[in-house]
Amino acid sequence: MSVRHALLALLAEGPKYGLQLRQEFEARTGEVWPLNVGQVYTTLQRLERDGLVESEDGTWEGPQKGFRITSAGGRELAEWLRSPSEMASPPRDELVIKVLVAVRVPGVDVHEVVQVHRRHVVEMMQQYTRLKAEATEREVGLGLVVDAELFRLEGVVRWLDAADARLKRLPAPSSVAAVAVSPRVPPIPGRKLGARR
Amino acid sequence: MTAALELRRVSKVYGSGPTEVQALCEVDLSVRGGELVAVMGPSGSGKSTLLTIAGSLEEPTSGGVLVGGAALSGMSRNERARMRRRSIGYVFQDFNLLAGLTAVENVALPLELDGLGGRAAHAMGLQALTELGLADRADRYPDELSGGERQRVAIARAMVGDRHLLLADEPSGALDSVNGEAVMRLLRAACHRGVAGVVVTHDAQLAAWADRVVFLRDGRVVDQTALPAGPESLLAPGPTA
Numbered sequence: 777m778s779v780r781h782a783l784l785a786l787l788a789e790g791p792k793y794g795l796q797l798r799q800e801f802e803a804r805t806g807e808v809w810p811l812n813v814g815q816v817y818t819t820l821q822r823l824e825r826d827g828l829v830e831s832e833d834g835t836w837e838g839p840q841k842g843f844r845i846t847s848a849g850g851r852e853l854a855e856w857l858r859s860p861s862e863m864a865s866p867p868r869d870e871l872v873i874k875v876l877v878a879v880r881v882p883g884v885d886v887h888e889v890v891q892v893h894r895r896h897v898v899e900m901m902q903q904y905t906r907l908k909a910e911a912t913e914r915e916v917g918l919g920l921v922v923d924a925e926l927f928r929l930e931g932v933v934r935w936l937d938a939a940d941a942r943l944k945r946l947p948a949p950s951s952v953a954a955v956a957v958s959p960r961v962p963p964i965p966g967r968k969l970g971a972r973r
Numbered sequence: 009m010t011a012a013l014e015l016r017r018v019s020k021v022y023g024s025g026p027t028e029v030q031a032l033c034e035v036d037l038s039v040r041g042g043e044l045v046a047v048m049g050p051s052g053s054g055k056s057t058l059l060t061i062a063g064s065l066e067e068p069t070s071g072g073v074l075v076g077g078a079a080l081s082g083m084s085r086n087e088r089a090r091m092r093r094r095s096i097g098y099v100f101q102d103f104n105l106l107a108g109l110t111a112v113e114n115v116a117l118p119l120e121l122d123g124l125g126g127r128a129a130h131a132m133g134l135q136a137l138t139e140l141g142l143a144d145r146a147d148r149y150p151d152e153l154s155g156g157e158r159q160r161v162a163i164a165r166a167m168v169g170d171r172h173l174l175l176a177d178e179p180s181g182a183l184d185s186v187n188g189e190a191v192m193r194l195l196r197a198a199c200h201r202g203v204a205g206v207v208v209t210h211d212a213q214l215a216a217w218a219d220r221v222v223f224l225r226d227g228r229v230v231d232q233t234a235l236p237a238g239p240e241s242l243l244a245p246g247p248t249a
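Top line first, the protein sequences correspond to chains L and E.
Going from the first sequence to the working numbering is simple: count from 1 and add 776.
Going from the second sequence to the working numbering is simple: count from 1 and add 8.
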């Protein structure tokens, strides 16, 4: 998530000071993504250094320092909104690795391991759904963020279901190990799995 | 407190000999009034069988089913049929509305079958549709309604009268995610009013609306979710990006 561009977006609405930016950021994202105030000020300093925002001393009463977006900041924001987002899968998906390992470890029931993760993910989905159930129609930010999490987690459950079904088609538990260590199992980048005995 | 629905060591076997299929194996499940339980499992895990047995549409091979504390096995056919009409509401994936009846006639039908006069049944049917925001669709036929509207009519029919138990089989399977969510909100609202609900589904997003998710695999209950912690546990600061 780009805090930098989120702050530019808030400043595009008009000049704001640091604490206000933090509060508005959290409110707009349904408080699902907490942001500490230090992060806000560090980001503002970098934005100012890069000429994307400028501070306006004296605009605000009291010690607060206000910030406004520059025209370069506006161009940067417009470009970012349309640039492709990072969609590549993480280099090592820990859950995938755990299931791959569970297939190989003697005495471990891979279906039970899959189910433990399925339950954990569904419990998280229940929590997000509660947030959504309690939200009002007007809390659009919260709805969007929660839906994004729910669709992502649903994808994980569907992968677990598919993995379960795929593993169930294997002939018998005793032959699972033989299948699992066959060279057809793809190597995991940067991670050496259960070396063959 | 008496459970609204209780399954005790319920097993179901179809066929015999080499073609025998064990659809359910010693399933225990208890659902309280006000609770929404989702049963999740892949195709062939026994989900639909569980629901038809819970709704007394089918008898278990062994084990017992209690609805509102009353054992189904101790009832005559007529008593069971009356209990089904009065206490249990069903929602199916394909809505199961009668094409020749209007929305309000579909909703009023179970009440009329139960002996209520036509006018009173119509008034209660209209009330149920109004609660689901469908008052202006009452006189439409099912083929004049959208998929989401049809399912809301089916839910109104399942909830009309004084039902204690709502059973739903993939209730939003044929709907898009927005309408699917609307269906689950309605089922949740019914449970908040004290009805016990059981939804069987393979869809995790639907199941997540439930208070408790029970996982079925090869006819057995293999796991269930713990009572979910409050949403605030999601808000703990994680690793920053």
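Don't read these hints as lab results, they were simulated from the structure.
Note that the coordinates shown come from a computational prediction; the quantities given were computed from them, not determined experimentally.
Just so you know, even glycine gets a beta-carbon here, dropped at the ideal spot from N, CA and C.
Just to be clear, a hint being listed does not mean it is correct.
Quick partial rundown of chain E residues pointing at chain L, CB under 8 Å, derived from the structure [to be verified]:
no.: 1; residue: P50
no.: 2; residue: Q213
no.: 3; residue: V221
Here's how the hints hold up against the structure:
Among the interface hints, the one on P50/E holds; its C-beta lies about 6 Å from the nearest C-beta in chain L, closer than the 8 Å criterion. Interface hint at Q213/E: satisfied, since its Cβ lies 5 Å from the closest Cβ of chain L, which is below the 8 Å cut-off. The beta carbon of V221/E is positioned within 8 Å of a beta carbon in chain L (closest approach about 5 Å), and the interface hint is therefore held.
The structure shown violates none of the earlier numbered hints.
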